Amino acid sequence: MSEPILKVENLKTQFFTEEGTVRAVDGISFEVNEGELVGLVGESGAGKSVATSSIMRLVEDPGEIVGGTVTYKGKKLIDFEEGPDGELRRSSEMLSNEQMRKQIRGKEIAIIFQDPMEALNPVFKVGAQLREFIEINRDVSGKEAKRIAVDMLREVGIPEPEKRYDSYPHQFSGGMRQRVIIAMALACEPDLIIADEPTTALDVTVEGQILDLVDELQQKYDTSFVWVTHDLGVVAEICDRVNVMYLGEIIEQADVDDLFHKTRHPYTEALLDSIPRPDQSVDELNPIKGVMPEAINPPSGCRFHTRCPDARTVCREVHPAYQDVSDPGEARHMVSCVKYENVGYDDAEPLETEATGAFGGGLVEARGDGQ
Amino acid sequence: MGRLRYTISRLLQAVPVIVGVITITFFLTDAIPGDPVQIMLGPSPSAQQAAAIRAKFGLDRPLYVRYFSYLASVVQLDLGTSIYYQVPVTQKIMERLPVTMYLLLASFTFALVTAVPLGIVSAQRRNEPTDHISRVVALFGVSTPSFWIGLMLIIIFSFWLGWLPSTNIVLPWTGPANVGGASNQLEVIIKSLQHLIMPMITLGTLQMAAFTRIERSSMLEVLGEEYVKLARAYGVSESKIVRKHAFRNAQLPLITLVGLQLTSALGGAVLTETVFSINGMGRLIITAVQNQDYQLIMGTTLVFGLVFVIGVIITDLSYAYVDPRVSFDGSE
Chain A
5 MSEPILKVEN LKTQFFTEEG TVRAVDGISF EVNEGELVGL VGESGAGKSV ATSSIMRLVE
65 DPGEIVGGTV TYKGKKLIDF EEGPDGELRR SSEMLSNEQM RKQIRGKEIA IIFQDPMEAL
125 NPVFKVGAQL REFIEINRDV SGKEAKRIAV DMLREVGIPE PEKRYDSYPH QFSGGMRQRV
185 IIAMALACEP DLIIADEPTT ALDVTVEGQI LDLVDELQQK YDTSFVWVTH DLGVVAEICD
245 RVNVMYLGEI IEQADVDDLF HKTRHPYTEA LLDSIPRPDQ SVDELNPIKG VMPEAINPPS
305 GCRFHTRCPD ARTVCREVHP AYQDVSDPGE ARHMVSCVKY ENVGYDDAEP LETEATGAFG
365 GGLVEARGDG Q
Chain B
4 MGRLRYTISR LLQAVPVIVG VITITFFLTD AIPGDPVQIM LGPSPSAQQA AAIRAKFGLD
64 RPLYVRYFSY LASVVQLDLG TSIYYQVPVT QKIMERLPVT MYLLLASFTF ALVTAVPLGI
124 VSAQRRNEPT DHISRVVALF GVSTPSFWIG LMLIIIFSFW LGWLPSTNIV LPWTGPANVG
184 GASNQLEVII KSLQHLIMPM ITLGTLQMAA FTRIERSSML EVLGEEYVKL ARAYGVSESK
244 IVRKHAFRNA QLPLITLVGL QLTSALGGAV LTETVFSING MGRLIITAVQ NQDYQLIMGT
304 TLVFGLVFVI GVIITDLSYA YVDPRVSFDG SE
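Chains as they are written, first to last, in this note's numbering: chain A, 5 to 375; chain B, 4 to 335.
Hints were generated in silico from the structure; no laboratory data involved. None of the values given here were measured: they were computed from a predicted structure. All C-beta atoms, glycine included, are put in the ideal place defined by N, C-alpha and C. None of the hints are false.
DSSO-like, lysine-lysine: derived pairs with alpha carbons at most 30 Å apart:
| no. | chain 1 | residue 1 | chain 2 | residue 2 |
| --- | --- | --- | --- | --- |
| 1 | B | 247 | A | 129 |
| 2 | B | 232 | A | 11 |
| 3 | B | 232 | A | 106 |
| 4 | A | 167 | B | 243 |
| 5 | A | 266 | A | 11 |
| 6 | B | 232 | A | 80 |
| 7 | A | 129 | B | 243 |
| 8 | B | 243 | A | 77 |
To give a feel for the contact side, a few chain B residues facing chain A, derived at Cβ under 10 Å:
| no. | residue |
| --- | --- |
| 9 | 235 |
| 10 | 236 |
| 11 | 239 |
| 12 | 249 |
Go ahead and model the full structure; you've got the sequences and the hints to work with.
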């Protein structure tokens, strides 16, 4: 396989607040290959959105990217090197803010936001907004940009695009607005689109339509996607590969089928278990126990151990390595869990956690399939 | 189009408001303790004289008759005759209103021209020295009484430095013959500006401060909106984001405030005109009240009410022109 078009290595973004440093993204690594649709999944607060805005270098104060490398088609969007004083500093290869704005944003990587109701400017006509972004990111005349805009509106399924070009955002429904946002992203002809929970704010039928649309357009234009979501149903439907995030870290990464059928990490398993099924009543739902701890002071060892049904004492002490656990001949399957490391998980005492409820609860459920 | 319909409906809505203003003013004026006839004729007038005066100004008729006849004459743009000046109220108002409008317009222009850039820069450089300075200026402006600013300006620029005249105002369109020391229109305009500077700052400082604060906060809010983030994510430059994407949205709260500040500015004009001995509406209304000049009180109050109503209508209309959501109803 050729070089991935986006390569994120050990990316770290922190927020310097009065209460302390929030390690919102704490050393994540993943890749996106050409034409691939990669999912980034996790609960609210896992750091998914911060991760995507870090890639675009759009993190706002008091947030700051503090380490890691992001390579896009050979260009260093983020790159750090050790200075003479031993402190990390931006390397000379890292793109400047101006280069980032002129060469990357919109032109190479486009973004789709979560809430279509807020993402369009209420005082400008939809067409004019679309046209402005096309003019900025493609070398075309104003007239040509308008033609592209109208074509793109038609492409994403807006009826009577010539007429709707002159409408204001408030004259569109939520689903229609999200189509406009998708049209914006595609019209700039980027090679990568980052979709930050693009269907979360929409109702289910509209969500289905949008997913079908993206699927269809993705195949037509062969655009790569990073798809951020908390919804595993969406992941199953459209993603090729999935990264599961928990508290600023990626804890499992696999092809979508492997993730669902050969789940390795207890957190992913819990996430899958928590999806409501039609045969369940409310009482039978199986949500993940407890709430995600604050990223300001994450738990020691494995960050998930406070809520993990399989937790043992060693989980509290050892930070698990992120490693490949695939069987020979299989696609890469990365996971970070001490169960798959030789650090004494099998001999350790079970740990009382929010998930096990009482002492010993974890022992019954633990599968103990460590190496 | 929606905007035209909106404009017409807004104008029609103003009619009952104005009738309300006339009615309330009329009955309140009548309820003021004291008798205008007594003020005119001194402490012990003869009954005959008093009756003659009453008959002359129609004060001998019952209240409701006077009310309806007043309404009828207002419709014909007749506001009656001033008891104190002995001339038609409309004549007095036409003489004074341009002066006050000139002063108001100048001070609002001054306030907006300084406040909008100051507020935007403040928002862009949040918590930097520029921001702190502009916030201190705004705080000073909001918390300083306008007459004090006026007096200080007079002491410094007229009394000590002798740079600017401390009294009166010259309208820039007055003929050179009527202005002492001016031989052509250009000199009249220069003189007019010299006279204008201090009253303008006196009246405009409070507005400026209020506008700066609202501009800063609304700009900050808009710069955090999703559509601004989206523009950033599509490579729009920061200066274009401020100039185009954020600017119009950020002006909405300011427009509302400009309309509301019109009342306080009319009040401020009374003080400013007094401090600088300017013969405008403010001093006219004071004269009217001091002399219990019924017709003049009603006339001037009605004009102040009209100015305010027109201000509010202009506010609403500009709102509709800036924000399409106001004039176009219903989404599809």
